[in-house]
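Listed below are the residues making up each chain.
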Amino acid sequence: MHLKNLQLNQFKNYQSAKLEFSEEINCMVGINGSGKTNLLDAIHYLCLTKSAVNAQDNQNILHDMDFFTVFGEFEMAKNSLEIRCIVESGKKKQIIQNGKAVEKMSDHVGLLPVVMIAPDDTQLIKDGSEERRRFFDNMLCQLDKSYMDNLVRYQHFLKQRNALLKKFGETGRINKALLEPYDLELIKLSKLIAATRQEFVNAYKPLLLEHYADISGKRETIDIHYDTNCTAEDFERQFYQNQSKDLILRRSTMGIHKDDFVFEIDNYPIKKYGSQGQQKSFLIALKLAQFEIFHDKKNTKPILLLDDIFDKLDDLRIEKLMQLVADHRFGQLFITDARPERSAGILKGINAQAKFFKVEQGHVSAWDQ
Amino acid sequence: MNFPSKLIEDAVTEISRLPGIGKKTALRLALHLLKQKEAVTESLSQSITKMRTEIKYCSVCHNISDTEVCGICTSMRRDKSTICVVEEIPDVLAIENTSQYNGLYHVLGGVISPIQGIGPDELKIDSLINRVAKVSSGDKVDEVILALPATMEGDTTSFYITRKLKEYGVKVSTIARGIPIGGELEYTDEVTLGRSILTRVNYSAD
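Protein sequences, first through last, are from chains Y and L.
Take the first sequence: its position 130, counting from 1, is numbered 340 in this note's numbering, and each next residue is one higher.
Take the second sequence: its position 114, counting from 1, is numbered 128 in this note's numbering, and each next residue is one higher.
Take the hints with a grain of salt, since some may be wrong.
Below, in silico cross-link-like pairs of lysine-lysine (DSS-like), each with a Cα-Cα straight-line distance of 25 Å or less [unchecked claim]:
{"no.": "1", "chain 1": "Y", "residue 1": "Lys386", "chain 2": "L", "residue 2": "Lys154"}
{"no.": "2", "chain 1": "Y", "residue 1": "Lys386", "chain 2": "L", "residue 2": "Lys178"}
{"no.": "3", "chain 1": "Y", "residue 1": "Lys386", "chain 2": "L", "residue 2": "Lys185"}
{"no.": "4", "chain 1": "Y", "residue 1": "Lys530", "chain 2": "Y", "residue 2": "Lys314"}
{"no.": "5", "chain 1": "Y", "residue 1": "Lys376", "chain 2": "Y", "residue 2": "Lys398"}
{"no.": "6", "chain 1": "Y", "residue 1": "Lys355", "chain 2": "Y", "residue 2": "Lys530"}
{"no.": "7", "chain 1": "L", "residue 1": "Lys94", "chain 2": "L", "residue 2": "Lys37"}
{"no.": "8", "chain 1": "L", "residue 1": "Lys180", "chain 2": "Y", "residue 2": "Lys398"}
{"no.": "9", "chain 1": "L", "residue 1": "Lys138", "chain 2": "Y", "residue 2": "Lys377"}
{"no.": "10", "chain 1": "Y", "residue 1": "Lys301", "chain 2": "L", "residue 2": "Lys37"}
{"no.": "11", "chain 1": "L", "residue 1": "Lys138", "chain 2": "Y", "residue 2": "Lys376"}
{"no.": "12", "chain 1": "L", "residue 1": "Lys185", "chain 2": "Y", "residue 2": "Lys302"}
{"no.": "13", "chain 1": "L", "residue 1": "Lys180", "chain 2": "Y", "residue 2": "Lys303"}
{"no.": "14", "chain 1": "Y", "residue 1": "Lys288", "chain 2": "Y", "residue 2": "Lys355"}
{"no.": "15", "chain 1": "Y", "residue 1": "Lys355", "chain 2": "Y", "residue 2": "Lys508"}
{"no.": "16", "chain 1": "Y", "residue 1": "Lys530", "chain 2": "Y", "residue 2": "Lys558"}
{"no.": "17", "chain 1": "L", "residue 1": "Lys70", "chain 2": "Y", "residue 2": "Lys386"}
{"no.": "18", "chain 1": "Y", "residue 1": "Lys376", "chain 2": "L", "residue 2": "Lys178"}
{"no.": "19", "chain 1": "Y", "residue 1": "Lys369", "chain 2": "L", "residue 2": "Lys138"}
{"no.": "20", "chain 1": "L", "residue 1": "Lys178", "chain 2": "Y", "residue 2": "Lys302"}
{"no.": "21", "chain 1": "Y", "residue 1": "Lys301", "chain 2": "L", "residue 2": "Lys38"}
{"no.": "22", "chain 1": "L", "residue 1": "Lys138", "chain 2": "Y", "residue 2": "Lys398"}
{"no.": "23", "chain 1": "L", "residue 1": "Lys178", "chain 2": "Y", "residue 2": "Lys377"}
{"no.": "24", "chain 1": "L", "residue 1": "Lys178", "chain 2": "Y", "residue 2": "Lys369"}
Estimated spans, in silico, between C-beta atoms of each pair [said to hold, decoys possible]:
{"no.": "25", "chain 1": "Y", "residue 1": "Glu443", "chain 2": "L", "residue 2": "Gly196", "range": "47 to 53 Å"}
{"no.": "26", "chain 1": "Y", "residue 1": "Ser356", "chain 2": "L", "residue 2": "Arg177", "range": "24 to 30 Å"}
{"no.": "27", "chain 1": "Y", "residue 1": "Ala387", "chain 2": "L", "residue 2": "Ser59", "range": "43 to 49 Å"}
Residues from chain L shown here face chain Y by an in silico Cβ test under 8 Å; the list is partial [said to hold, decoys possible]:
{"no.": "28", "residue": "Lys20"}
{"no.": "29", "residue": "Ser113"}
{"no.": "30", "residue": "Tyr115"}
{"no.": "31", "residue": "Pro128"}
{"no.": "32", "residue": "Ile129"}
{"no.": "33", "residue": "Gly133"}
{"no.": "34", "residue": "Met166"}
Hints were generated in silico from the structure; no laboratory data involved.
Cβ coordinates follow ideal geometry from the N, Cα and C atoms, glycine included.
Start from the sequences, fold in the hints, and give me the full structure.
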């Protein structure tokens, strides 16, 4: 699978732009703030119906305008697929596949696998568990439709239960019978979701360890484990035991929304004990393992978006990553770099068809080194 | 939109409050009314006012009614041992139009959704329980049919009502969900199709 071309209208800092891509390597060069990452984000929109950067669709419209469209043509194994994404303020977001509107966004997610590596984006390691759940949920949603359905239902019931707990707290009147339907659904869905998460981590872990060893040069050992109460034999009992606590705190304290994915380095949490370089290696290994699992499950190489890696990684890690590029482990690649000569130099040594684009304040042109 | 007259503007503002009606349609309607004889608009506004002030809700099933108790609840020909629970008034009309149901109704006025601040107290759930509990009046309720929307809120409400009715030993059923008549399997959404397979019924030619 690869993206043949991309057209933007009023998307972020682009009034309009049109790009024809290489099947292999595409490199966007230009100074900071010129709009390189926005091009990657447009591709992210086409694949996953949302931005990788800003969750507010409206804020991705060019200033003072009221809509944006992103259009791209994907070459698939057997056919081609035209995707158009339209966001108009005050209206429902639209995804159009070959001229036909997709009814549910969730039907589109998973069709076009994409992996983005932004090494500066270490929130995944440093921030709270929410970021990590989001990362794994995103992966699982792209791979497993029933997981996504269960997760959507879970989040909905959780919101209802929390609203109920809040109301009980405010009015001082508790109706336990009313909690029951939510309790039963949350328990049932927690068990299903936790089992899928555990199974996924088991398959994902060996890939992660392998890529970390590869990227970092095998100096330290890392580990990942899934931390949850929901797979415990007596989870149901624990859930009900916590009910009085829930009523006092006015929110739900048990369930898969409390899970974490723990990242460790030499048996210590990487959040606290990992150096910046180790954290970056870990982040890249997470994404490369994601790439591999998508490749395996989807039978196609995902599109890979590499945001600003030359600036944010040291030479050793760049070299390792570029070795994978040179070995043709990846499919189509999109890279951004603030320094044109640097990427031109690095990519020159690689036997692949590379195309360069010069980005200047929302204008894109072909750059001929 | 700029209006040549304040009177028109006021009328347009009021009309456009109606569901599905924007400013342009409202203006078209207002100008249409201006062209009619005065008696026509008089009669329109009177019927609206009258409807609003004189309408009653059935004290038993909470359907719309001209009388204290509605025509369905007082009818001698209806089966008083069965109550069909629906969310809103149009649902009664929809089921009536099928001509397949001869029992009574109970309009909840919504479904339970704490996010929107709707709990059992905001709905006619206690009134339903009372109807079932009241055995002395002679009309014993044998079955309650839950005909609530196939949404998460509808399901939650059905669950809650079922639990509340448990102690009265009444039969509680829910309407079947599945492939629409004349529907193609390949165009049916997976959840509905999956559920129809799980809740399949014995084949019957009737």
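Right, here's what the structure says about each hint:
| no. | hint | verdict |
| --- | --- | --- |
| 1 | Lys386/Y to Lys154/L | 29 Å, violated |
| 2 | Lys386/Y to Lys178/L | 12 Å, holds |
| 3 | Lys386/Y to Lys185/L | 23 Å, holds |
| 4 | Lys530/Y to Lys314/Y | 40 Å, violated |
| 5 | Lys376/Y to Lys398/Y | 23 Å, holds |
| 6 | Lys355/Y to Lys530/Y | 34 Å, violated |
| 7 | Lys94/L to Lys37/L | 47 Å, violated |
| 8 | Lys180/L to Lys398/Y | 22 Å, holds |
| 9 | Lys138/L to Lys377/Y | 19 Å, holds |
| 10 | Lys301/Y to Lys37/L | 17 Å, holds |
| 11 | Lys138/L to Lys376/Y | 23 Å, holds |
| 12 | Lys185/L to Lys302/Y | 43 Å, violated |
| 13 | Lys180/L to Lys303/Y | 44 Å, violated |
| 14 | Lys288/Y to Lys355/Y | 22 Å, holds |
| 15 | Lys355/Y to Lys508/Y | 13 Å, holds |
| 16 | Lys530/Y to Lys558/Y | 16 Å, holds |
| 17 | Lys70/L to Lys386/Y | 34 Å, violated |
| 18 | Lys376/Y to Lys178/L | 23 Å, holds |
| 19 | Lys369/Y to Lys138/L | 24 Å, holds |
| 20 | Lys178/L to Lys302/Y | 39 Å, violated |
| 21 | Lys301/Y to Lys38/L | 19 Å, holds |
| 22 | Lys138/L to Lys398/Y | 29 Å, violated |
| 23 | Lys178/L to Lys377/Y | 21 Å, holds |
| 24 | Lys178/L to Lys369/Y | 23 Å, holds |
| 25 | Glu443/Y to Gly196/L: 47 to 53 Å | 48 Å, holds |
| 26 | Ser356/Y to Arg177/L: 24 to 30 Å | 28 Å, holds |
| 27 | Ala387/Y to Ser59/L: 43 to 49 Å | 47 Å, holds |
| 28 | Lys20 | 28 Å, violated |
| 29 | Ser113 | 33 Å, violated |
| 30 | Tyr115 | 26 Å, violated |
| 31 | Pro128 | 4 Å, holds |
| 32 | Ile129 | 5 Å, holds |
| 33 | Gly133 | 7 Å, holds |
| 34 | Met166 | 6 Å, holds |
Of the numbered hints listed earlier, those contradicted by the structure are 1, 4, 6, 7, 12, 13, 17, 20, 22, 28, 29, 30.
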